[in-house]
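Visitor: Next come the chains, spelled out residue by residue.
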Amino acid sequence: MPGLVPIVRKELADHFSSRRFFILFALVLISGIGAAYVAAQSIREELTRTAEAATSVFLLVFTASNGTLPSFVTFIGFLGPLVGLALGFDAINGEQARGTLSRLLAQPIYRDSVINGKFLAGLATISALLVSITLLAMGLGIPLVGRLPSPDDLARLTLFLLLSIVYVGFWLAAAILFSLLFRQVATAALAGVALWLVCVFFVGMLAGVVANVVAPVGQDAPALQVLRNDEIRRAVARISPTRLYAEATSVVMNPSRNTLGDLVLASEVQGMVPSPLPFVQSLLLVWPQVSGLVALTCVCFALSYIRFMRQEVRA
Amino acid sequence: MRVTEAPAQSAVRQAVEAPGRQVGAEAAPAIETSHLTKRYGTFVAVDDLNLTVHEGEVFGLLGPNGAGKTTTILMLLGLTEPSAGQARVLGHDPTREPLEVKRLVGYLPDAVGFYDDLTARENLLFTADLNQIPRAVARERIDALLDRVGLGEVKDKKAGQFSRGMRQRLGIADVLVKNPRLIILDEPTIGLDPDGTRALLDLIRRLSLEDHITVLVSSHLLDQVQRICDRVGIFVKGKLVAAGPIASLGAQLAAGEPLVVEVQVAERPQAAAQALATLPGVAGVECSGDTLVVRCGEDVRAAIAHAAVPFGLLALRARGYSLEDIYLRYFR
Numbered sequence: 001m002p003g004l005v006p007i008v009r010k011e012l013a014d015h016f017s018s019r020r021f022f023i024l025f026a027l028v029l030i031s032g033i034g035a036a037y038v039a040a041q042s043i044r045e046e047l048t049r050t051a052e053a054a055t056s057v058f059l060l061v062f063t064a065s066n067g068t069l070p071s072f073v074t075f076i077g078f079l080g081p082l083v084g085l086a087l088g089f090d091a092i093n094g095e096q097a098r099g100t101l102s103r104l105l106a107q108p109i110y111r112d113s114v115i116n117g118k119f120l121a122g123l124a125t126i127s128a129l130l131v132s133i134t135l136l137a138m139g140l141g142i143p144l145v146g147r148l149p150s151p152d153d154l155a156r157l158t159l160f161l162l163l164s165i166v167y168v169g170f171w172l173a174a175a176i177l178f179s180l181l182f183r184q185v186a187t188a189a190l191a192g193v194a195l196w197l198v199c200v201f202f203v204g205m206l207a208g209v210v211a212n213v214v215a216p217v218g219q220d221a222p223a224l225q226v227l228r229n230d231e232i233r234r235a236v237a238r239i240s241p242t243r244l245y246a247e248a249t250s251v252v253m254n255p256s257r258n259t260l261g262d263l264v265l266a267s268e269v270q271g272m273v274p275s276p277l278p279f280v281q282s283l284l285l286v287w288p289q290v291s292g293l294v295a296l297t298c299v300c301f302a303l304s305y306i307r308f309m310r311q312e313v314r315a
Numbered sequence: 316m317r318v319t320e321a322p323a324q325s326a327v328r329q330a331v332e333a334p335g336r337q338v339g340a341e342a343a344p345a346i347e348t349s350h351l352t353k354r355y356g357t358f359v360a361v362d363d364l365n366l367t368v369h370e371g372e373v374f375g376l377l378g379p380n381g382a383g384k385t386t387t388i389l390m391l392l393g394l395t396e397p398s399a400g401q402a403r404v405l406g407h408d409p410t411r412e413p414l415e416v417k418r419l420v421g422y423l424p425d426a427v428g429f430y431d432d433l434t435a436r437e438n439l440l441f442t443a444d445l446n447q448i449p450r451a452v453a454r455e456r457i458d459a460l461l462d463r464v465g466l467g468e469v470k471d472k473k474a475g476q477f478s479r480g481m482r483q484r485l486g487i488a489d490v491l492v493k494n495p496r497l498i499i500l501d502e503p504t505i506g507l508d509p510d511g512t513r514a515l516l517d518l519i520r521r522l523s524l525e526d527h528i529t530v531l532v533s534s535h536l537l538d539q540v541q542r543i544c545d546r547v548g549i550f551v552k553g554k555l556v557a558a559g560p561i562a563s564l565g566a567q568l569a570a571g572e573p574l575v576v577e578v579q580v581a582e583r584p585q586a587a588a589q590a591l592a593t594l595p596g597v598a599g600v601e602c603s604g605d606t607l608v609v610r611c612g613e614d615v616r617a618a619i620a621h622a623a624v625p626f627g628l629l630a631l632r633a634r635g636y637s638l639e640d641i642y643l644r645y646f647r
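For the protein sequence lines, the chains are A and B, in the order given. Letter by letter, the first sequence follows residues 1 to 315 of my numbering. Letter by letter, the second sequence follows residues 316 to 647 of my numbering.
Mixed in with the good hints there might be a few duds.
Only some residues are given here: those of chain B computed to face chain A with a beta carbon under 7 Å [claimed, not checked]: (1) 389; (2) 392; (3) 394; (4) 411; (5) 414; (6) 418; (7) 422; (8) 424; (9) 426; (10) 427; (11) 428; (12) 441; (13) 444; (14) 445.
No lab work stands behind these hints: they were computed from the structure. Bear in mind that the values here come from a model prediction, so they are computed numbers and not experimental data. Backbone N, C-alpha and C fix where the C-beta goes; we use that ideal spot for every residue, glycine too.
Pulled out of the complex, with its shape left as it was, chain A reads as follows (with noise of 0.2 Å):
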């Protein structure tokens, strides 16, 4: 395909060798190695305390959270949207704005070859980050928790991290669409933070709302309508991707969890093992997240190149 390779080639360097990068990735690894020293230390006071050892206590340094700051997989749903977002927002305006887009597409390039490479490099720059970030992690645990990942753990991890690149991937496929909707750099970049905000902070509280309305709780509500009021709330949320993300990565990385609600029927569970999950069984769990994680990326990006290849290259 003529003129991708170059495009990712360049765009990889430019991504590396920016400021905006540099400040993302400095965030991310601030809180998220923080996140996992503060988790590794409790992981330590309640091992020597307890001499009964949680199957995989390693994935702990990841998901733990002592109250005082959120787990390194909370910080990674929060703050790869960030990631994503700076990656992307001025992909196609600011070509634009800069007149370079007109001139790269008089090469003899494929017209995908600008999208497709970009898409690419910014998928590959997330790769590094949250590789190299989880890698530190990961090393700082081992000798702080004082336990060797076991393969199940491993396996656990790499699953992990393909869910996060994906999920970045889909603020960044977000991020290159809005480039390709608003002309100005400055209203692509606020609209995907507004994108964020309502994702992370609002669909919580919308969800609530709606599930309130449609099977209200009082005080003395029978089980199966709060069971019912919970259930729609939870689908609700699944609308946002930091939801399915959330949910996805809190099954995947905690073999003990064979639910994905924190309320169910005494008649559910009956019978039931409290033994940890396999890895397989895990991901069958949350398989309709992962799906729709991969699927909202892939539409996001299909409307972008949809939306470049149609555009007129002077508006």
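Given the coordinates of chain A, work out where chain B should sit on it, guided by the hints.
Guide: Quick look at chain B alone, frame taken from chain A:
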């Protein structure tokens, strides 16, 4: 810089130049459009355009802003699809084979931009990469090109620090990286100071003379087009109203109208006016400052010149023959 020159092309060039820039009909045109039309909704940007640009010439697309020049150029490059009609650029259909066209044609957009955080040389190297030119060849060519456009000293400076004129010259170098057979320059002198404009026009002229590259240049500035173009097409509201060599264009458009001659004299313009009015064939003389406007029934310029010499003849010009008059007539 052309490292090797295609012999076939210089042969064409000679054929083109030989009959006083009147182009031989046997040479395949570099650009040919037939009934090319572009509509945006109900607005017709380019209306039934039939344009021929011959290989080796400098063709000026002259028209006011919004006349459809850029739209035409975008269609020639396959960057915009025509609503009707078709174009052929160096034997290729830009809509069907855009990559072929873009391989052979260099395009300098009107608001050309560069990546500010890359140096001049890195910017051109990226273009070379996109054209799949091997790095070693590209480096050599880029150094030569940057020297040629006068940016040899600053080739490792970031493009963000370049002035408008330097950017424009870098744009020319960028266009030449792919060794094009045809270059299309959209308003290349816009925003340049007179010095920068002159340097750029000289450069364009040299590209045509030395490298035998066909040039299509669009502009709304008449004097510039006049200075460098072999032929001119006048574009108004999406229509090509006239096309041809500048000299014949003037004569052609002024045909059938009374000749008006402007005479500038150094001394006693009033007396000069009286003297000129008595000449046979002169219908009337008006005097404003040191310039006399002489209306004639026939072409008696020689007699007028002769009569004006005693008054210190400074200039004599037939109105209606210059592109400026044509321009003003059509653009109003």
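Visitor: Decide, hint by hint, whether the structure agrees.
Guide: Now for the hints, and whether the structure bears them out:
no. : hint : result
1   : 389  : 6 Å, holds
2   : 392  : 6 Å, holds
3   : 394  : 5 Å, holds
4   : 411  : 14 Å, violated
5   : 414  : 5 Å, holds
6   : 418  : 4 Å, holds
7   : 422  : 4 Å, holds
8   : 424  : 4 Å, holds
9   : 426  : 4 Å, holds
10  : 427  : 6 Å, holds
11  : 428  : 3 Å, holds
12  : 441  : 6 Å, holds
13  : 444  : 4 Å, holds
14  : 445  : 4 Å, holds
Violated hints amount to a single one, hint 4; each of the other numbered hints is respected by the structure.
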